[in-house]
Amino acid sequence: MDKNTVIGLLLILAIFLGFSYLNKPSEEQLAEQKRYNDSIQQVQYQARQNAIEIKNQLAGDTTQIIENDSVNAAKSGLFANVVKGDTSLISIETEVLKLKFSPKGGVLYSAELKNYRTHDSLPLILFEGQNENQISFTFNTIDNRVFSTENLFFKPQEIINDSTSQRLTLRLEISDTSFVDFIYTVKNDSYAVDFDIVAHNMSNYFYAMTSTLDMKWDTKIRQKEKGRKFEGQYSTLNYRYENSDMEKMSVTSMKEEDKKDVITPVQWIAAKDQFFSMVLLAKQGFPTAKLSGIALPEQSNYLKSYSVNSSVFFDPSGKQPTNLQIFLVPNHYKTLKSFNKDLPKTEKPQLHRIIPLGWTIFGWVSEWIIIPMFNLFGSFMTNFGLIILLMTLVIKVIILPFTYKSYMSTAKMRVLRPQIDAINARIPADKAMERQQATMALYKSVGVSPMGGCLPMLFQMPILFAMFAFFPSAIELRQQSFLWAHDLSTYDAILSWNADIPLISWAFDNHLSLFCILMTITNIIYTHINMRDTGQQQQMAMMKWMMYLMPVMFLFMFNNYPSGLSYYYFISLLMTIIQTYLFRLFVDEKKLLRKLELAKITKKPAKKSGFMERLEKA
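Numbering-wise (the working numbering), the sequence shown opens with residue 29 and increments by one.
These aren't lab readings, by the way, just hints derived from the structure by calculation.
Note that the Cβ used here is the ideal one computed from N, Cα and C, for glycine as well.
A couple of the hints might just be wrong.
Stated by the list, open to error - Restraint-style ranges between C-beta atoms, simulated for each label pair:
id, residue 1, residue 2, range
1, LEU531, ARG454, 45 to 53 Å
2, SER477, MET581, 29 to 37 Å
3, LYS376, MET603, 34 to 42 Å
4, ASP616, PRO400, 33 to 41 Å
5, ASP449, ILE553, 23 to 31 Å
6, THR292, MET401, 32 to 40 Å
Make a model of the complete structure from these sequences and hints.
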């Protein structure tokens, strides 16, 4: 080995020793490494202890193990500081809400709507306690532990008040410099609660790729109205796709849980009943959601129970907060639509879609005609029975031309009845096609269309169905009295009983509603008048009974419906009967017949439409 080789080896050795000396860990680094090794040993120890506990449980060992604080801390690892804490509730009250927050879980513990009461005059509480409503998030920490916030304790910070809102921060304090804040901002005059999750120096506690938190929301719908069955029909779990339509899951079974997987991003999810809702909105969206629900038995104070499993955006570095909103709202159209104000189109929540206004065309009628008219009359009147009466009058005036045209078509066919009877007498019954052709030829010769009475009715159908959807959803009618009805939003029982009468109790739910009875009687009278005016009294007895049976069926169908709806149909039918008699008073049927006979002579043959040609051939 020559001199140069020896010198080179010595230089390499010197460089290695110098590099090792310069990179020697400091005393602080050695202490940190020792703490880390100790934590690894604690994890390994706890894993062995868990395995022993599981083995003992499987073997049927029921020995109770009392662990000290150090063992509990070892179990909790990095989150050892937040497994115990104070459970005192924090209250915030605004003009419309009374809220309580719990340090355990950092959640909204209870919510009361101050301006409303239940049907039995108790404060209207949407939920109270974590057994009724619980929103929790799952933390997967870097030391391979899984924590749910429902088991962790947050430290309340001082409530910050300003002229428009109150802000409460609940802090999950891992250390003096590392914590997660749940920030609730409640505006003084709003039903919305801003809920932000902000991390501070938490990157070292989560895996580097962490970008979401698993979320679970369990909630129960309290019964608040008198008619449990009807309220249950309107209790649903609604959700809206981002910038798209709303859908709902309507749970009906008490035996089996209904489930639905939503794989498209969702903007908000709402647990609603007939008149009130709790809505959870994520401004960054819910990527997917698993929904489930079950109807609860009548003996329970709750209507339905829902569960939502999803995830929300989360930035452990704290550069970008998680933005959520909780809406604790009455299902009031104007209130819900106000949350769209001053927002870009893509961010508008469209919460008013929660209110079931019927299918598209019927929903448009409600949204653009019925609701504005209702609000207009409500702006200067407080008696909702009179408001419904005025609405009915206005609607009758709007559709008067169609009603008159329908009546005139019926009157023309009625005055031609003797000629039709003559055709039927001349042509045997076994030649039905020949009879029909002769009748159509008569109608054509005098310019009468058999469809003339039906088409005007089709124009009235959207209004009838829109009103059918509007009244059960109108919170304005809730606990508003009129005549004998104490609450126009539910049934007006004139007779009730507790005995279980077979079939009767099931059909009428142990009560009879007076407005529903009046509607049924009026409907039977109108059916009788209509059959007489259209010459249908000569029909077969079975057909006549079927015509009268339909109004009777409405008694079963509408007995549980809101008295406001039955009242509307009652006065609407009553006005229709009065209109019919007024038309009959002012229409001279003898003069009408002469006019038709004259038309038979002077009228030029009308050009057949393609539809009529196909109809005659058929």
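Hints versus structure:
1. LEU531 <-> ARG454: 45 to 53 Å: holds (50 Å)
2. SER477 <-> MET581: 29 to 37 Å: holds (30 Å)
3. LYS376 <-> MET603: 34 to 42 Å: The hinted range 34 to 42 Å holds for LYS376 and MET603, with Cβ atoms some 39 Å apart.
4. ASP616 <-> PRO400: 33 to 41 Å: holds (40 Å)
5. ASP449 <-> ILE553: 23 to 31 Å: Taking Cβ atoms as reference, ASP449 and ILE553 lie about 26 Å apart, which means the hint holds.
6. THR292 <-> MET401: 32 to 40 Å: About 37 Å separates the Cβ atoms of THR292 and MET401, which means 32 to 40 Å holds.
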